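Based on the hints, put chain B in the right spot on chain A.
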Amino acid sequence: MSETFYNLLDSANKYRCRKLDQLILLSAENDSLVDPREILDSGEKMSIVSES
Amino acid sequence: MAMAVLHGQTNNTMFAKQAVETARDTVIPNLLTYSRGDNVLLNETIPADLRSRELLYINISSLESGVTTTGCFSVEYYLEQMALVEIMTTLFIIMVWLLGIVFFVGPVMILVSRMNPLAKHCVVYSANTIPFPILGQVVEPIERMVRLLGMLMKDPLGYTNTKEYRNFMQEEEDFAEHSMWGKEVLDGMETKFLMNTLLRIGSLMKVGFGSAGVEIIRDNLDRGRKKDVLELSRQGTTVSCIFLFCDIRQFTDATECLQEEVFVFTNKIAAVVHSICHSYGGTANKNIGDAFLVSWLLDDETDRCAEEKEEDDMFATSTSHVMFSSDSDHLCARNNQADKALLAVVKISIALHYDYFFVETMNEEARNRLLTKLSKRKGPIVQMGFGLHAGKAVQGAIGSPRKLDATYISESVERAEFLESSTKAYGKRIKQILSREYLQQQLIIFLLSQVFRY
Chain A
1 MSETFYNLLD SANKYRCRKL DQLILLSAEN DSLVDPREIL DSGEKMSIVS ES
Chain B
1 MAMAVLHGQT NNTMFAKQAV ETARDTVIPN LLTYSRGDNV LLNETIPADL RSRELLYINI
61 SSLESGVTTT GCFSVEYYLE QMALVEIMTT LFIIMVWLLG IVFFVGPVMI LVSRMNPLAK
121 HCVVYSANTI PFPILGQVVE PIERMVRLLG MLMKDPLGYT NTKEYRNFMQ EEEDFAEHSM
181 WGKEVLDGME TKFLMNTLLR IGSLMKVGFG SAGVEIIRDN LDRGRKKDVL ELSRQGTTVS
241 CIFLFCDIRQ FTDATECLQE EVFVFTNKIA AVVHSICHSY GGTANKNIGD AFLVSWLLDD
301 ETDRCAEEKE EDDMFATSTS HVMFSSDSDH LCARNNQADK ALLAVVKISI ALHYDYFFVE
361 TMNEEARNRL LTKLSKRKGP IVQMGFGLHA GKAVQGAIGS PRKLDATYIS ESVERAEFLE
421 SSTKAYGKRI KQILSREYLQ QQLIIFLLSQ VFRY
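Line order of the protein sequences matches chains A and B. Read in my numbering, the first sequence has 51 at position 51, and its numbers run on one by one without any break. Read in my numbering, the second sequence has 425 at position 425, and its numbers run on one by one without any break.
Do not rely on the hints blindly, as some may be mistaken.
[Stated by the list, open to error] Straight line, CA to CA, 30 Å or less: simulated DSS-like cross-link-like pairs of lysine-lysine:
#1 378(B) with 19(A)
#2 424(B) with 268(B)
#3 14(A) with 206(B)
#4 19(A) with 424(B)
#5 206(B) with 192(B)
#6 340(B) with 378(B)
#7 45(A) with 340(B)
Quick caveat, the hints were computed from the structure, so don't treat them as lab data. Being a predicted model, the structure only gives us computed values, none of them experimental.
Bound conformation, chain A alone (with noise of 0.2 Å):
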């Protein structure tokens, strides 16, 4: 699940959940970038979270 769905959820059900990893969402204007300094400063971030 992303974790703007687990922010939904419950606080309960938060409990059960656990986070995986996260992205970076790139645009095409960042496609060029190399450094993952870069990287992760210039892309939106979005985790992944599973149901443990």
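Chain B alone, transformed into the frame defined by chain A:
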């Protein structure tokens, strides 16, 4: 006849008056005036309330003597008697007519009056004088069919959710219960058959467009109602939804093994997914081969939701500082839609472990092929991946009057699909998650927490 006798007897002037008086007292008491030629032998006053048609004038003339006698009679009594007889005859005919209606034309009359408010006051008396109201006994299938057609025209896909339809069905049940006609008679009527056909067409349309599509298509139909066409040139509407994208794993292998049976297999899975999601408030939107899209409509944004969100954030276990997508700030699940969606996914995952349910109706050969093919894979026969995301989407009808689909267009749907496809990666090694294919898709996955393994 009496006048003819008098004409002969009053020839003699001495006895004329006596003859008239005697005749009046005995045979013709309604004689009012009598004259022979110019001699007036009787001249009673004609009552003023007598109408002209209640007076009868009789003239008798002798050919030999040329004398004419004239008598005026009151026929009021005879007219009254005749009127009474006519009234009785009319009443008798009405009674015969009503009996005919009750015993012979009843089934036809049943077509008439329940919808008519005046009929509520109508009462028919049967032969044994036990009254029963037409209301409730009268079927009026044609009028009911017209009523149903009206509902279908008004809202072809969502008419079953209207109060009018619920009332209609309630009336149907009440009528069947209290009807003087048996269930077999009612079910055997052609109009009942036509009405069932209409209901089936409505159900097929609903299934075809999906629950989520009902609102979309209804809206489009509503816009174009005045022109009797589908209005497809209007813009869509923005809604906030939770999207569940789920996909059957190794579906290609299943298709290869099952061949014609693959539809039975897929539909069983679809039945499980849709029924569970529906029971938790979700609405099926799309079936794309081996994938299903289900949505939960979120509430409108309110201040209360914002407060709730702040409170939730205080209890949230997450400590990472993440930038949310722009639309996530305005989402509100006041009725626990997110929890329901998550619970639906958990329930589906549990249901997928009932292997026998999915293969019981397959022929043995196809089943063996499938089981052999999937024998090396751990877990249940049917495995699925799920992606859950929430966001805003534009809903609308896409297509032309020849083919129309209700759909959501949104980045959120794509993200839900992406999340689902990402779950495949988490079943493998870390190196494969950070593969070049992901980089080329402009989506770079960084491992910030521990890797989850199935």
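Hints, verified against the model:
1. 378(B) with 19(A): Given that 30 Å is the threshold and the Cα spacing comes to 25 Å, the pair holds.
2. 424(B) with 268(B): Between residue 424(B) and residue 268(B) the Cα gap is close to 23 Å, so the pair holds against 30 Å.
3. 14(A) with 206(B): Violated, because 35 Å separates the two Cα atoms, which is more than 30 Å.
4. 19(A) with 424(B): 17 Å, holds
5. 206(B) with 192(B): Measuring from Cα to Cα gives roughly 21 Å; hence the hint holds.
6. 340(B) with 378(B): This hinted pair holds, its Cα atoms lying about 28 Å apart.
7. 45(A) with 340(B): 26 Å, holds
When each numbered hint is compared with the structure, a violation occurs for hint 3 only.
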